[in-house]
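Work out the full structure, taking the sequences as your base and the hints as a guide.
Quick mapping for you: the protein sequence lines, in order, are chains A and B. Heads up, the first sequence is in numbering that gives the first Met the number 0, so the first residue is 0 and it goes up one at a time. Heads up, the second sequence is in numbering that gives the first Met the number 0, so the first residue is 0 and it goes up one at a time.
Each hint can be trusted.
Label-pair restraints from in silico Cβ distances: (1) B:T211 - A:G177: 41 to 47 angstroms; (2) B:P81 - A:L125: 51 to 57 angstroms; (3) B:S27 - A:R168: 57 to 63 angstroms; (4) B:S27 - A:A107: 32 to 38 angstroms; (5) A:A107 - B:V17: 41 to 47 angstroms; (6) B:L92 - A:G251: 29 to 35 angstroms; (7) B:T79 - A:L125: 56 to 62 angstroms.
Only some residues are given here: those of chain A computed to face chain B with a beta carbon under 8 angstroms: (8) R80; (9) L81; (10) D85; (11) V91; (12) V96; (13) T99; (14) V103; (15) V223; (16) V260; (17) T263; (18) I271.
Every beta carbon over 12 angstroms from chain B, so not counted as near; a handful from chain A, in silico: (19) F7; (20) T51; (21) R179.
In case anyone wonders, no lab produced these hints; they're calculated from the structure. For glycine and all other residues, C-beta sits at the position ideal for the given N, C-alpha and C.
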Amino acid sequence: MNVAQTIFDGLALGALYALVAMGLALVFGVMRLINFAQGELITAGAYSLSLTGSLPLIVSILICFIVCVGLALLLDIAFRRLRGADPTTALVATFAVALTLEAVWTIAFGTNGKPADLLSALNTSLTHGSLQLRWVTITMIVGGAALLAATALVLDRTSIGLQMRAAARDFRAARLLGVRTNRVIAFAFAMSGVFAAVVALLYTVQVPDVTPQFGLDITIVALVGAVTGGLDRLWQAAAGGFVIGFANAALGDILPSSQRVYVTTFLFLLVIIVLLVRPDGLFASLRRVNTDRV
Amino acid sequence: MRLLRNTVPLLGVIAILVVVALIGESTSLATQQDFITALVSVVIVYGLYVFVGNAGVISFGHISFVAVGAFAAGELTIPTEPKHFTLPGLIPLLADHSVSNIASLAIAFAAGAIFALIAGAPLMRLNGIAAGIATFAILEITNNLLSFDTNIGPGATTLSLVPTSTGIFQALLGAILAAVLAFAYQRSRRGRLLRATREDPQAARAMGVNITRERLVAFVLSGGIAGLGGGLLVHQLGSITTNQVFLDLTFITLAMLVVGGSRSLLGATVGAIGVSLIDSFLLTAVNSVHVVFFNLTLPSGSADLGLGALMALMLLWRPRGVTGGRELSLPRLTRLTRRPGSADKRGAA
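Right under this line is the structure:
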């Protein structure tokens, strides 16, 4: 039954990184900006859950969403100046903002973890022999798929979604045709805030100990996954995030125990190989013309 | 006169480095360490600049060359007697030899360059964000191997007992050497070809420039300079862990380059010295703030907050960096000397 357990572990980690990767891809789509501060949204949401632990569950969750979306909109205002900036500068700037926020968490809450275990009921697992499947894994996969479907619907069927797709395809042309770019970008940030809140909710079930680095670490891995999958399309980024999570968990189970400390090495060797063979992403369409976009 | 005019940017940068070293020399021994740190940061940032500035491609991988240089120089200068005892797992090549300080720095340069050649050969055809992530993968792999493989390093423990031979004079010499190398490269035929690919890849390719090859040349040189920076770093600190040459250093050195202005040697210099000294100052200040009547103990993280906020504001306010990618030049210099006020502003920012 070991194979089944490996698959379950992989699904859990993969779904988590897919959710983070989708948040990154939403903002990248409209702004060509890799927002490292996405991880700080997750951390902020997790701290809000920890601080409101005594309130009714639904209120606490609502506050988490408000905090994440609110902070995302603040980031949007701060990053307006980065539009059209050199990609390297923009990347380093979002990283600087992320580190600043991390320092804020450190000052406000200390480096020791804060407990946040609102949805601990999800930690119980279905067991079958030695096989374990935690409810949170199921929630994550179902929730992740539902969110992806909902986002696809918004992008496909609503006016703002159409404008977002237009802006992602050709920002200047969309602007010339009357798409209100500030609104579109703000909407993308708000949606990335929603994704961050969902990640905060579900990740605190697995790691009920919120530290200042809570969100940054998973964001970096999710970014690697998103680029490996392809940042240009939402589902490609999500699939890339999923694959890197799955590969990470699977490598940990497959490698002999003496080699297990080298999971990172094997994982990133795979990333390099994928990028060399498919520079636009594992799932990017083959027909697309190779352009030096960034 | 023409030679002078051509080398003014380099001479100006060297003058800045010498002034920093002289100020460091005149301060207390404790404060002097901050100035040595600044000069060592300059070397590492020059390494980054030779590739990122000239090619216009981001690299998250250069700190792996710093790490390789640091561990090679560190492990090879520890006398063999304690080394057999403290690092029993090392391969004979590293375990049975002990070299002098200068030789170890040359080895650090060579190790960084060779590693950059091996890593860069397959990666240099990548562009944009794919190149960024691939170089990040190199950083992760290097850190992972150095942290666990006791054949080549101390594993999870600290590499200690390294002779602390990087004083302010040696750090200055290292920085000047790196500046000369970086400047010679950017003014050479190869450097200009690479800068052309940065400005317009299609046009450069049409003129027959082999982008992949030019990038690899810069990558190898920058890897060597970064390795030298690692060698100087380990000889300053005397002991080092793999996490000291990992994500934090990657971010701070990239920030130094971008804050100063990633497209000029002057920008790399100003950014590295400025951010490094501000960082040291904030760390000291946080530990001992005197507010008129009582000593205030600021919470941990205050220095990070100050530095992070400063860099974020700087980048949002001036995305092209402090220097805006300009080098020092003679007409500018003479104009500045006529209006000393503006010269001060430029240097201090």
